[in-house]
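> From first to last, the protein sequence lines stand for chains V and H.
Per my numbering, residue 1 is the first one in the first sequence, and the count goes up by one each step.
Per my numbering, residue 1001 is the first one in the second sequence, and the count goes up by one each step.
There may be inaccurate statements among the hints.
To be verified - Ranges of calculated distance between the beta carbons of each label pair, as one might list FRET restraints:
| # | chain 1 | residue 1 | chain 2 | residue 2 | range |
| --- | --- | --- | --- | --- | --- |
| 1 | V | 69 | H | 1081 | 38 to 48 Å |
| 2 | V | 80 | H | 1053 | 14 to 24 Å |
| 3 | V | 39 | H | 1007 | 12 to 22 Å |
| 4 | H | 1038 | V | 20 | 23 to 33 Å |
| 5 | V | 8 | H | 1067 | 34 to 44 Å |
Unchecked claim - Subject to a maximum C-alpha distance of 27 Å in a straight line, what follows is the list of computed DSS-like cross-link-like pairs (lysine-lysine):
| # | chain 1 | residue 1 | chain 2 | residue 2 |
| --- | --- | --- | --- | --- |
| 6 | H | 1069 | V | 3 |
| 7 | V | 3 | H | 1105 |
| 8 | H | 1069 | H | 1026 |
| 9 | H | 1108 | H | 1069 |
| 10 | H | 1108 | V | 3 |
| 11 | V | 57 | H | 1105 |
What the hints contain is simulated information worked out from the structure, not anything from laboratory work.
We put the beta carbon where it would ideally sit given N, CA and C, even for glycine.
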Amino acid sequence: DVKVTQSSRYLVKRTGEKVFLECVQDMDHENMFWYRQDPGLGLRLIYFSYDVKMKEKGDIPEGYSVSREKKERFSLILESASTNQTSMYLCASRLAAYNEQFFGPGTRLTVL
Amino acid sequence: SQQGEEDPQALSIQEGENATMNCSYKTSINNLQWYRQNSGRGLVHLILIRSNEREKHSGRLRVTLDTSKKSSSLLITASRAADTASYFCTPGGSGAGSYQLTFGKGTKLSVIP
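Just chain H, same shape as in the assembly (with noise of 0.2 Å):
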């Protein structure tokens, strides 16, 4: 399995700003997953974009992928302070490596009311 690297490993911005994080990944994959954790609700699936789509919407969130420079990004539109948690991203195999997901160290994203 591959991890993904978050940057940056923090982020402070005000409510209303955008938010943006990055991640990088090393191999081949045949989906990327967003995932954010915090204390209220502890680790929750954010979205999948898989690695023949290069761009995807849920709600406040936009993600895209550009498997070219095996990068990922998240981004997190008009932020509320219940935004406020860590956020990882998990690069996913395709074959045998598709059962694994290693998750990073994420980016931990504080948004001040």
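Next comes chain V alone, as it looks inside the complex (with noise of 0.2 Å):
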């Protein structure tokens, strides 16, 4: 079974705080994702990479960047957080595309 985990379950951090959110997937999938979840918002891509070092932005990435240096990890990172973006985030992989979606069990960030 593939395996998709999240650094940690939950996370409390300060305005200002640079935050990482690691992501790791054990098949060698070559698409990983980030989205945040919120009440009456959906899910909501953040950025995607389809490689190695390769990143794209998703629908709002305003706030936050990512790193791929290694095929199986994807990091999210927000250099200065901010309460607007307390939320749940989740991660993904893929094995390429036209294929269907790996979870992590996400991230719940409280910003205060």
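Fit the two chains together into the complex; they arrive one by one in their own frames, and the hints show the way.
Structure follows, in structure tokens:
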């Protein structure tokens, strides 16, 4: 079974802190994704990566950056956390285009 | 990328009944996928139907796709309390649009024991 793991299930940070959310997949998938999920807004794509060192902006990239130095790891970075970034963050991976996505358990981030 | 629109937004049924939810989208697709999210198992892929397919089955799930109407439906037969979850459809584009899957707000299904 594909396993997508995220570094933390719950995280509490202060405004202005730099925050790293890590995602690791164990199935040699090419594509990886970061979403945030908020009540009433559904899932929104922040960034995705279709290969190592490649990244593309999703629908809401402002305030975020990403890093993919190794195929199995995709990091989401909040350079200076703000309260409006309090959310559930979901990572996903996919073998390649036209395939299903596998999701991690999510990280619930609270920014105080 | 394009977003699917699920309908209805919420659905409440008795255990044993069938549940039908619909999805509409706007532009041509390569495939359409359905996902389920509940508190216990997170977001899980259910089924993928390709644009040249009209119907697909997986256990108690039946998905149809009508590309002329740009719509899909998900039928869950003989529902169980464990089917209580939110269900999302994601239209998959082709070419450059194949990389992104966009999720809408979903259909929230409640199955009452």
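> For each hint, tell me whether it holds in the structure or not.
Hint check results:
Here the CB-CB span from residue 69 of chain V to residue 1081 of chain H is close to 44 Å, well matched to the stated 38 to 48 Å. Range check, residue 80 of chain V to residue 1053 of chain H: about 47 Å between beta-carbon atoms, so the 14 to 24 Å window is missed. Between residue 39 of chain V and residue 1007 of chain H the beta carbons are some 19 Å apart, a value that agrees with the proposed interval 12 to 22 Å. For the pair residue 1038 of chain H and residue 20 of chain V, the supplied restraint of 23 to 33 Å holds, since their beta-carbon distance comes to about 28 Å.
A hinted range of 34 to 44 Å for the beta carbons of residue 8 of chain V and residue 1067 of chain H is consistent with their spacing of about 41 Å. Under the criterion of a C-alpha separation no larger than 27 Å, the hint pairing residue 1069 of chain H with residue 3 of chain V is inconsistent with the structure, at around 36 Å. As the CA atoms of residue 3 of chain V and residue 1105 of chain H are separated by approximately 25 Å, the hinted pair is consistent with the 27 Å bound. Distance restraint check for residue 1069 of chain H and residue 1026 of chain H: the Cα-Cα separation of roughly 9 Å lies within the 27 Å cut-off, and the hinted pair is therefore satisfied.
Only pairs whose Cα atoms come within 27 Å are accepted, and residue 1108 of chain H paired with residue 1069 of chain H is accepted, the gap being roughly 23 Å. Annotation: proposed proximity of residue 1108 of chain H to residue 3 of chain V holds, straight-line Cα distance about 26 Å (limit 27 Å). Taking the CA atoms of residue 57 of chain V and residue 1105 of chain H, the gap is about 21 Å. The hint holds against a cut of 27 Å.
Going down the numbered hints, you'll see the structure goes against 2 and 6, while the others check out.
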